[in-house]
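Residue numbers (numbering that gives the first Met the number 0), protein chains in the order written: chain D, 0 to 353; chain X, 0 to 353.
Honestly, I wouldn't trust all of these hints.
[To be verified] Partial chain D-side listing against chain X, Cβ under 7 Å, derived:
no.: 1; residue: Asp10
no.: 2; residue: Phe11
no.: 3; residue: Gly17
no.: 4; residue: Gly338
Hints listed in this document are in silico derivations from the structure and should not be mistaken for laboratory results. Glycine included, each C-beta is placed from N, C-alpha and C at the ideal position.
Number of protein chains: 2
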Amino acid sequence: MNYETILGSVDFLEYLRGKKATFLLSCSVTKTCEVPNISQAGIPGKLYLTPTLDSEFLCTKEVRSLDDIAQTPKGVPTPALITRAIHELHPYSNIEILDLGLQIKPKLDFFKVHNFDLEPSENIETGANINAMEVFQKGVEFGSYYVTNDDYIILAESVPSGTTTANAVAKVLGYECEGYFSSSFKNNPNDIKSQVISRALNFINPNSDIFTKLGVVSDNMILFNAGFILGSRAKNSKIILAGGTQMAAVLLVVNSILQSMEGEIDSTNIALCTTSWVNKDKNSNIKALLEQLDFKINAYASDFDFSLSSHGALKLYDEGEAKEGVGCGGALCYATLNGLSKQDITTKIETLLG
Amino acid sequence: MNYETILGSVDFLEYLRGKKATFLLSCSVTKTCEVPNISQAGIPGKLYLTPTLDSEFLCTKEVRSLDDIAQTPKGVPTPALITRAIHELHPYSNIEILDLGLQIKPKLDFFKVHNFDLEPSENIETGANINAMEVFQKGVEFGSYYVTNDDYIILAESVPSGTTTANAVAKVLGYECEGYFSSSFKNNPNDIKSQVISRALNFINPNSDIFTKLGVVSDNMILFNAGFILGSRAKNSKIILAGGTQMAAVLLVVNSILQSMEGEIDSTNIALCTTSWVNKDKNSNIKALLEQLDFKINAYASDFDFSLSSHGALKLYDEGEAKEGVGCGGALCYATLNGLSKQDITTKIETLLG
Numbered sequence: 000m001n002y003e004t005i006l007g008s009v010d011f012l013e014y015l016r017g018k019k020a021t022f023l024l025s026c027s028v029t030k031t032c033e034v035p036n037i038s039q040a041g042i043p044g045k046l047y048l049t050p051t052l053d054s055e056f057l058c059t060k061e062v063r064s065l066d067d068i069a070q071t072p073k074g075v076p077t078p079a080l081i082t083r084a085i086h087e088l089h090p091y092s093n094i095e096i097l098d099l100g101l102q103i104k105p106k107l108d109f110f111k112v113h114n115f116d117l118e119p120s121e122n123i124e125t126g127a128n129i130n131a132m133e134v135f136q137k138g139v140e141f142g143s144y145y146v147t148n149d150d151y152i153i154l155a156e157s158v159p160s161g162t163t164t165a166n167a168v169a170k171v172l173g174y175e176c177e178g179y180f181s182s183s184f185k186n187n188p189n190d191i192k193s194q195v196i197s198r199a200l201n202f203i204n205p206n207s208d209i210f211t212k213l214g215v216v217s218d219n220m221i222l223f224n225a226g227f228i229l230g231s232r233a234k235n236s237k238i239i240l241a242g243g244t245q246m247a248a249v250l251l252v253v254n255s256i257l258q259s260m261e262g263e264i265d266s267t268n269i270a271l272c273t274t275s276w277v278n279k280d281k282n283s284n285i286k287a288l289l290e291q292l293d294f295k296i297n298a299y300a301s302d303f304d305f306s307l308s309s310h311g312a313l314k315l316y317d318e319g320e321a322k323e324g325v326g327c328g329g330a331l332c333y334a335t336l337n338g339l340s341k342q343d344i345t346t347k348i349e350t351l352l353g
Numbered sequence: 000m001n002y003e004t005i006l007g008s009v010d011f012l013e014y015l016r017g018k019k020a021t022f023l024l025s026c027s028v029t030k031t032c033e034v035p036n037i038s039q040a041g042i043p044g045k046l047y048l049t050p051t052l053d054s055e056f057l058c059t060k061e062v063r064s065l066d067d068i069a070q071t072p073k074g075v076p077t078p079a080l081i082t083r084a085i086h087e088l089h090p091y092s093n094i095e096i097l098d099l100g101l102q103i104k105p106k107l108d109f110f111k112v113h114n115f116d117l118e119p120s121e122n123i124e125t126g127a128n129i130n131a132m133e134v135f136q137k138g139v140e141f142g143s144y145y146v147t148n149d150d151y152i153i154l155a156e157s158v159p160s161g162t163t164t165a166n167a168v169a170k171v172l173g174y175e176c177e178g179y180f181s182s183s184f185k186n187n188p189n190d191i192k193s194q195v196i197s198r199a200l201n202f203i204n205p206n207s208d209i210f211t212k213l214g215v216v217s218d219n220m221i222l223f224n225a226g227f228i229l230g231s232r233a234k235n236s237k238i239i240l241a242g243g244t245q246m247a248a249v250l251l252v253v254n255s256i257l258q259s260m261e262g263e264i265d266s267t268n269i270a271l272c273t274t275s276w277v278n279k280d281k282n283s284n285i286k287a288l289l290e291q292l293d294f295k296i297n298a299y300a301s302d303f304d305f306s307l308s309s310h311g312a313l314k315l316y317d318e319g320e321a322k323e324g325v326g327c328g329g330a331l332c333y334a335t336l337n338g339l340s341k342q343d344i345t346t347k348i349e350t351l352l353g
């Protein structure tokens, strides 16, 4: 098991080999997830529960706000399984949850659940109605005071229908993004997503400032994490953005905000880590998104797949159904950095599935 | 997989079982390596590159200052493969490079490369021309302020033709050493080495002080690490000297310097770890070297060999071509202390070789 370098050099990741990580799961709900068939990251009609259940499962291996592990119609199990399996094999030193607007709070004792007084954001079809500046500033503030006792931070996300908001964000900010955004479906439901995005764009006044625009089309995770990245540069903490095209959108937001204020960023200590499913996806292009940044970024993809498994539900990943989420790409890179084998991880995930 | 005790008791090593290690690779070039056929630790005519390439490969799995992994004429692959394989299976928590006079700086980001403003030393055939006191004192100073966050330090070396300088050092200091020093060749090129050593000894004035003598026949690695060991006693850090007869020579220098100043050392927390290839070598005798120390020393040898491999290039190790270097003996003991199996290591090394 290894990783590929999408952009940059191996040095950042190699330096972290054997070092300790804090895992931060940033969770939010955008009511965009209520659009039928927009995402398969959860139970139809209950997608708002997914980040809550992911948090619970990652921390405790239990799904407390529902009877069963979130299963999608086709039975693609949540990528939280992957992230949790790795935690059982070679634990992250610390897991903390960032509640960036959950509809249902996760039922967790002992684990730190940071509360930022944020509500789920609205469906972007009618305008997300987010105070974008405020969410961004909460991210900046948290990023600038947050300290880990570990060597680096893995910053992950769980936001159902988040690739739709991410795509809308990139489009509104003027980036080339046609066909670049990923989906939890094998057959990217482009019609549905495009329709949602174009409806959202109707609410955009081209003369508005960047935060006003982002308040219409984005989600709390994107805004907060863009702030977190900028704020955390004060301490120059090493951060792995664990995710696919949604995390790329976070970086595009950072880029646009810097452009708007003629600012700069020392991005040396930030990298993006994703899965092979995103990296090899023919219906999206994360590299093309990252190449539009004005700053340099290291980006890697784990080469893990389910070729060693005969479990039908897991095989769906290799077929392109579900590709990222709950930081599983970052977790898989972390697994490589800590000597775990593909066989170990496969077996553990199969055990978790039961 | 296990280790043998050459001297002392198992307690030192057993205490370190499961504990965390920082790996320090001390690299230097002595132009003695330009003597034809004196060593097979690298590419003929380019042996000065070996420590640079070893550093790059250990840290990043990439050889950046050359197109291909250093291969010797007979195709004995660098022991850096062993040290790196173990890093991938059970990572050292931290790797740092000590530049003790490299001709070419390793191309590494993030990794700490300590610069001591040292140049490659001259061929001892014409006198090494080292300011031995200065290099030694740099080692003392570094040893006395260096702190690791880990439980112990593995101090390794990469110095092509370093067994020749080590042998010359032991001889000049008056130790019994006829036939005790190892070589990277199966058939120790004693004629060439003896000639180089006897030429070097022509430059020795028996009435000179120890540092003047060492300035003629040693290399920067030996001098610096002797200082490092003495300096590090202030903190009493646990140190594994990962190497064969060259590391034994470092200890002989420590011994002679202590004799000259009527000093003492608490050597409780220092041990030497080497390979079975050195330990079982009939053309050298590391135990006989270590038994001449006035202080007690724990010394161990891994029992790892390539009996599980069918790879021709690796089999050469078992035949006596290449025996140590890049701390592979210490790395193999570390592997045992952390539960790795001979099969895991063999497979990983074979994967690295491709």
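Hint check: 7 Å Cβ-Cβ cutoff, D:Phe11 to chain X: holds (6 Å)
Per-residue hint verdict: D:Gly338, partner chain X, C-beta under 7 Å: Result: holds, 5 Å to nearest chain X Cβ.
Chain X contact restraint on D:Gly17 - CB to CB distance below 7 Å: holds (3 Å)
Restraint check, 7 Å cut-off on beta carbons, for D:Asp10 near chain X: holds (4 Å)
The structure agrees with every numbered hint stated previously.
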